[in-house]
Amino acid sequence: MEPNPRRRLAAVLVDGLGPVGARTALALAEAGVGTLLLRDGTQGSAVQQSSTAQTVDAEQVGDPYLSIHHGLPRSTGLQDLLDRAAQQPASQPAPQQTAVMECPADMRPDGADVCVLSLGESSGAGPAGTRSASRTSALHAATVSAAAQQASLVMPVLCPAAGEAEIGPLIAQPGVLEGFACAGCRELSAAATDIQPAPAGTSVEHTAGHNPADARLHHQLTAGLITRQLLTLLDGVRNPALAEHSLLLRPDGGWERRPAPVHPECACQLVSPEPLPS
1 MEPNPRRRLA AVLVDGLGPV GARTALALAE AGVGTLLLRD GTQGSAVQQS STAQTVDAEQ
61 VGDPYLSIHH GLPRSTGLQD LLDRAAQQPA SQPAPQQTAV MECPADMRPD GADVCVLSLG
121 ESSGAGPAGT RSASRTSALH AATVSAAAQQ ASLVMPVLCP AAGEAEIGPL IAQPGVLEGF
181 ACAGCRELSA AATDIQPAPA GTSVEHTAGH NPADARLHHQ LTAGLITRQL LTLLDGVRNP
241 ALAEHSLLLR PDGGWERRPA PVHPECACQL VSPEPLPS
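Following full-length UniProt numbering from start to finish, the sequence shown increments by one per residue and tops out at 278.
Source of the hints: derived by calculation from the structure; they are not laboratory data. These numbers were taken from a predicted model, which means no experiment stands behind them. A virtual CB, placed ideally from N, CA and C, is assigned to each residue, including glycine. Accuracy of the hints is not assured; some may be wrong.
[Unchecked claim] Have a look at the derived ranges for each label pair, beta carbon to beta carbon:
no., residue 1, residue 2, range
1, Thr-55, Gln-269, 42 to 50 angstroms
2, Trp-255, Asp-235, 21 to 29 angstroms
3, Met-101, Asn-239, 22 to 30 angstroms
4, Glu-102, Leu-177, 41 to 49 angstroms
5, Ala-105, Arg-250, 28 to 36 angstroms
6, Gln-54, Asp-235, 28 to 36 angstroms
7, Ile-68, Pro-212, 17 to 25 angstroms
8, Met-101, Thr-232, 22 to 30 angstroms
With the sequences and hints as input, model every part of the structure.
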(Lines of atoms letter the chains of each structure in order from A; the text may use other names.)
(Lines give C-alpha, C1' and ligand atoms only; values in the text may rest on other atoms or scores of the structure.)
Protein backbone atom coordinates (compact mmCIF):
# COMPACT_ATOMS: atom_id res chain seq x y z
CA MET A 1 0.00 0.00 0.00
CA GLU A 2 1.44 3.35 -1.06
CA PRO A 3 1.69 6.21 1.46
CA ASN A 4 -1.01 8.84 1.53
CA PRO A 5 -0.23 11.33 -1.29
CA ARG A 6 -0.35 14.16 1.22
CA ARG A 7 2.60 12.62 3.05
CA ARG A 8 4.72 12.72 -0.10
CA LEU A 9 4.13 16.48 -0.34
CA ALA A 10 4.82 17.18 3.34
CA ALA A 11 7.97 18.74 4.80
CA VAL A 12 8.85 18.08 8.45
CA LEU A 13 11.63 19.82 10.39
CA VAL A 14 13.10 17.67 13.18
CA ASP A 15 14.93 20.08 15.50
CA GLY A 16 16.97 18.17 18.08
CA LEU A 17 18.56 14.84 17.11
CA GLY A 18 18.78 13.08 20.45
CA PRO A 19 17.35 9.55 20.72
CA VAL A 20 13.71 10.66 20.45
CA GLY A 21 14.29 13.10 17.59
CA ALA A 22 16.42 10.63 15.64
CA ARG A 23 13.91 7.81 16.09
CA THR A 24 11.10 10.14 15.01
CA ALA A 25 12.97 11.07 11.83
CA LEU A 26 13.60 7.40 11.01
CA ALA A 27 9.92 6.55 11.55
CA LEU A 28 8.73 9.46 9.39
CA ALA A 29 11.04 8.41 6.56
CA GLU A 30 9.81 4.82 6.79
CA ALA A 31 6.21 6.09 6.67
CA GLY A 32 6.86 7.91 3.40
CA VAL A 33 7.03 11.58 4.40
CA GLY A 34 8.31 13.52 1.40
CA THR A 35 10.93 15.83 2.92
CA LEU A 36 12.84 15.74 6.20
CA LEU A 37 14.83 18.73 7.43
CA LEU A 38 17.33 17.92 10.18
CA ARG A 39 18.59 20.46 12.69
CA ASP A 40 20.58 19.94 15.87
CA GLY A 41 21.52 23.43 16.97
CA THR A 42 18.66 25.10 18.84
CA GLN A 43 19.30 23.36 22.17
CA GLY A 44 16.30 24.80 23.98
CA SER A 45 17.02 28.52 23.49
CA ALA A 46 15.30 30.90 21.13
CA VAL A 47 18.25 33.29 21.14
CA GLN A 48 21.36 31.24 21.94
CA GLN A 49 21.99 28.68 19.25
CA SER A 50 24.96 26.33 19.47
CA SER A 51 27.57 26.76 16.76
CA THR A 52 29.20 23.45 17.77
CA ALA A 53 27.65 20.32 16.34
CA GLN A 54 26.17 17.95 18.90
CA THR A 55 28.02 14.65 18.71
CA VAL A 56 26.94 11.07 19.35
CA ASP A 57 27.99 10.08 22.87
CA ALA A 58 28.45 6.61 24.36
CA GLU A 59 24.93 6.46 25.80
CA GLN A 60 23.39 7.14 22.38
CA VAL A 61 25.21 4.23 20.74
CA GLY A 62 22.42 1.72 20.15
CA ASP A 63 19.78 4.38 20.86
CA PRO A 64 19.50 4.53 17.84
CA TYR A 65 23.01 5.40 16.63
CA LEU A 66 25.68 2.82 15.72
CA SER A 67 29.12 2.40 17.28
CA ILE A 68 30.76 3.85 14.15
CA HIS A 69 28.82 7.08 14.79
CA HIS A 70 30.41 7.64 18.21
CA GLY A 71 32.01 11.10 18.22
CA LEU A 72 30.47 12.14 14.90
CA PRO A 73 27.91 14.95 14.59
CA ARG A 74 24.47 13.51 15.27
CA SER A 75 23.20 14.89 11.96
CA THR A 76 25.88 12.86 10.17
CA GLY A 77 25.02 9.71 12.10
CA LEU A 78 21.31 10.11 11.46
CA GLN A 79 21.88 10.72 7.75
CA ASP A 80 23.82 7.44 7.65
CA LEU A 81 20.98 5.61 9.44
CA LEU A 82 18.46 7.04 6.97
CA ASP A 83 20.64 6.01 4.02
CA ARG A 84 20.97 2.48 5.41
CA ALA A 85 17.20 2.22 5.95
CA ALA A 86 16.52 3.39 2.39
CA GLN A 87 18.75 0.62 1.03
CA GLN A 88 16.93 -2.12 2.92
CA PRO A 89 14.68 -4.29 0.70
CA ALA A 90 10.97 -3.65 1.23
CA SER A 91 8.01 -5.85 0.33
CA GLN A 92 6.23 -2.81 -1.12
CA PRO A 93 8.76 -0.11 -1.98
CA ALA A 94 7.63 3.48 -1.77
CA PRO A 95 7.29 5.34 -5.09
CA GLN A 96 10.15 7.65 -4.08
CA GLN A 97 12.60 8.04 -1.25
CA THR A 98 12.33 10.71 1.38
CA ALA A 99 14.42 13.79 0.59
CA VAL A 100 16.69 14.53 3.57
CA MET A 101 18.44 17.86 4.05
CA GLU A 102 20.38 19.38 6.91
CA CYS A 103 18.98 22.70 8.13
CA PRO A 104 21.55 24.84 10.02
CA ALA A 105 20.41 26.83 13.03
CA ASP A 106 20.72 30.13 11.14
CA MET A 107 18.58 28.93 8.22
CA ARG A 108 14.85 29.71 8.12
CA PRO A 109 13.03 26.71 6.60
CA ASP A 110 9.95 28.69 5.53
CA GLY A 111 7.18 26.41 4.34
CA ALA A 112 7.73 23.45 6.66
CA ASP A 113 4.40 21.86 7.57
CA VAL A 114 5.42 20.98 11.11
CA CYS A 115 8.48 21.22 13.34
CA VAL A 116 9.24 18.52 15.91
CA LEU A 117 11.03 20.64 18.50
CA SER A 118 13.10 19.00 21.23
CA LEU A 119 13.11 21.09 24.40
CA GLY A 120 15.58 18.72 26.05
CA GLU A 121 16.17 15.02 26.52
CA SER A 122 17.50 13.36 29.67
CA SER A 123 21.14 12.42 29.22
CA GLY A 124 21.74 10.05 32.11
CA ALA A 125 24.93 11.87 32.98
CA GLY A 126 23.59 13.48 36.10
CA PRO A 127 22.33 17.00 36.70
CA ALA A 128 24.50 19.47 34.83
CA GLY A 129 22.62 22.32 36.43
CA THR A 130 18.95 23.13 36.85
CA ARG A 131 16.79 26.20 36.40
CA SER A 132 13.74 27.29 38.31
CA ALA A 133 10.48 25.91 36.94
CA SER A 134 9.16 29.34 35.99
CA ARG A 135 12.37 30.37 34.20
CA THR A 136 12.53 27.08 32.32
CA SER A 137 8.86 27.37 31.39
CA ALA A 138 9.32 30.88 29.98
CA LEU A 139 12.46 29.82 28.08
CA HIS A 140 10.67 26.87 26.49
CA ALA A 141 7.67 29.02 25.55
CA ALA A 142 9.93 31.58 23.85
CA THR A 143 11.68 28.78 21.95
CA VAL A 144 8.34 27.41 20.74
CA SER A 145 7.21 30.89 19.64
CA ALA A 146 10.40 31.30 17.61
CA ALA A 147 9.91 27.89 15.99
CA ALA A 148 6.28 28.75 15.13
CA GLN A 149 7.61 31.50 12.87
CA GLN A 150 9.42 28.91 10.74
CA ALA A 151 6.77 26.20 10.42
CA SER A 152 3.00 26.09 10.18
CA LEU A 153 2.81 24.02 13.37
CA VAL A 154 5.22 23.07 16.16
CA MET A 155 5.17 19.83 18.14
CA PRO A 156 7.28 20.45 21.28
CA VAL A 157 8.79 17.42 23.01
CA LEU A 158 10.37 17.41 26.47
CA CYS A 159 11.99 14.43 28.20
CA PRO A 160 13.02 15.94 31.54
CA ALA A 161 13.87 12.72 33.38
CA ALA A 162 14.14 8.97 32.96
CA GLY A 163 10.81 7.51 31.86
CA GLU A 164 9.12 10.90 31.60
CA ALA A 165 8.03 12.89 28.56
CA GLU A 166 5.71 15.67 27.54
CA ILE A 167 4.51 15.55 23.93
CA GLY A 168 2.62 18.36 22.26
CA PRO A 169 0.37 20.13 21.84
CA LEU A 170 0.52 21.15 18.17
CA ILE A 171 1.14 24.89 18.33
CA ALA A 172 0.53 27.65 15.77
CA GLN A 173 1.10 31.39 15.77
CA PRO A 174 -1.69 33.42 17.40
CA GLY A 175 -4.84 33.54 15.30
CA VAL A 176 -3.31 31.76 12.29
CA LEU A 177 -4.84 28.27 12.49
CA GLU A 178 -8.03 27.31 14.28
CA GLY A 179 -8.28 24.06 16.18
CA PHE A 180 -4.68 24.08 17.43
CA ALA A 181 -2.89 25.41 20.50
CA CYS A 182 -1.59 28.98 20.43
CA ALA A 183 2.06 29.98 20.86
CA GLY A 184 1.06 33.37 22.25
CA CYS A 185 -1.17 31.86 24.92
CA ARG A 186 1.62 29.49 25.92
CA GLU A 187 4.19 32.26 26.21
CA LEU A 188 1.92 34.58 28.21
CA SER A 189 0.85 31.75 30.50
CA ALA A 190 4.45 30.69 31.05
CA ALA A 191 5.43 34.27 31.92
CA ALA A 192 2.68 34.25 34.55
CA THR A 193 3.91 30.82 35.75
CA ASP A 194 0.47 29.38 34.99
CA ILE A 195 1.87 26.30 33.24
CA GLN A 196 4.87 24.03 33.72
CA PRO A 197 6.08 22.14 30.61
CA ALA A 198 7.76 19.53 32.81
CA PRO A 199 5.74 17.25 35.12
CA ALA A 200 5.56 18.63 38.64
CA GLY A 201 8.54 17.92 40.86
CA THR A 202 11.04 17.24 38.07
CA SER A 203 14.08 19.14 36.87
CA VAL A 204 15.47 19.70 33.40
CA GLU A 205 18.14 17.03 33.80
CA HIS A 206 17.79 13.65 35.48
CA THR A 207 20.10 11.83 37.81
CA ALA A 208 22.25 8.86 36.94
CA GLY A 209 21.30 5.25 37.54
CA HIS A 210 18.79 4.72 34.77
CA ASN A 211 18.50 1.41 32.92
CA PRO A 212 19.71 1.77 29.30
CA ALA A 213 17.21 -0.83 28.06
CA ASP A 214 14.36 1.01 29.77
CA ALA A 215 15.61 4.29 28.31
CA ARG A 216 15.60 2.85 24.78
CA LEU A 217 12.08 1.52 25.26
CA HIS A 218 10.94 4.92 26.53
CA HIS A 219 12.51 6.69 23.55
CA GLN A 220 10.89 4.24 21.13
CA LEU A 221 7.49 4.75 22.73
CA THR A 222 7.80 8.53 22.74
CA ALA A 223 8.94 8.66 19.11
CA GLY A 224 6.13 6.31 18.09
CA LEU A 225 3.50 8.51 19.72
CA ILE A 226 4.94 11.62 18.06
CA THR A 227 5.01 9.92 14.66
CA ARG A 228 1.42 8.72 14.95
CA GLN A 229 0.23 12.26 15.73
CA LEU A 230 2.21 13.75 12.84
CA LEU A 231 0.97 11.21 10.31
CA THR A 232 -2.62 11.82 11.40
CA LEU A 233 -2.02 15.54 10.86
CA LEU A 234 -0.26 15.17 7.50
CA ASP A 235 -2.78 12.68 6.09
CA GLY A 236 -5.59 15.13 6.83
CA VAL A 237 -8.08 12.40 7.71
CA ARG A 238 -8.91 13.72 11.17
CA ASN A 239 -7.60 16.18 13.73
CA PRO A 240 -4.79 14.72 15.87
CA ALA A 241 -5.59 13.95 19.50
CA LEU A 242 -2.84 16.35 20.59
CA ALA A 243 -4.02 19.30 18.47
CA GLU A 244 -4.99 21.20 21.62
CA HIS A 245 -3.66 18.89 24.36
CA SER A 246 -0.29 17.69 25.57
CA LEU A 247 0.40 14.13 26.68
CA LEU A 248 2.44 13.52 29.83
CA LEU A 249 4.12 10.12 30.22
CA ARG A 250 5.03 8.99 33.76
CA PRO A 251 7.85 6.66 34.87
CA ASP A 252 5.29 4.17 36.22
CA GLY A 253 3.64 3.84 32.78
CA GLY A 254 0.80 6.21 33.61
CA TRP A 255 -0.18 9.14 31.46
CA GLU A 256 -2.10 12.38 31.63
CA ARG A 257 -3.73 14.43 28.86
CA ARG A 258 -3.47 18.15 29.64
CA PRO A 259 -5.33 20.93 27.75
CA ALA A 260 -3.26 23.70 26.21
CA PRO A 261 -3.44 27.03 28.05
CA VAL A 262 -5.65 29.85 26.79
CA HIS A 263 -4.66 33.35 27.91
CA PRO A 264 -7.26 36.16 27.88
CA GLU A 265 -4.67 38.77 26.88
CA CYS A 266 -3.39 36.91 23.82
CA ALA A 267 -4.03 38.38 20.36
CA CYS A 268 -5.89 35.20 19.38
CA GLN A 269 -8.65 36.17 21.84
CA LEU A 270 -9.49 39.42 20.03
CA VAL A 271 -13.07 39.42 18.77
CA SER A 272 -13.96 42.06 16.16
CA PRO A 273 -16.63 40.67 13.80
CA GLU A 274 -17.26 44.04 12.16
CA PRO A 275 -14.74 46.81 11.37
CA LEU A 276 -15.13 49.95 13.41
CA PRO A 277 -16.72 52.88 11.51
CA SER A 278 -14.20 55.36 10.19
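Quick rundown of the hints versus the structure:
no., hint, result
1, Thr-55 with Gln-269: 42 to 50 angstroms, "holds, 44 angstroms"
2, Trp-255 with Asp-235: 21 to 29 angstroms, "holds, 24 angstroms"
3, Met-101 with Asn-239: 22 to 30 angstroms, "holds, 29 angstroms"
4, Glu-102 with Leu-177: 41 to 49 angstroms, "violated, 27 angstroms"
5, Ala-105 with Arg-250: 28 to 36 angstroms, "holds, 32 angstroms"
6, Gln-54 with Asp-235: 28 to 36 angstroms, "holds, 31 angstroms"
7, Ile-68 with Pro-212: 17 to 25 angstroms, "holds, 19 angstroms"
8, Met-101 with Thr-232: 22 to 30 angstroms, "holds, 24 angstroms"
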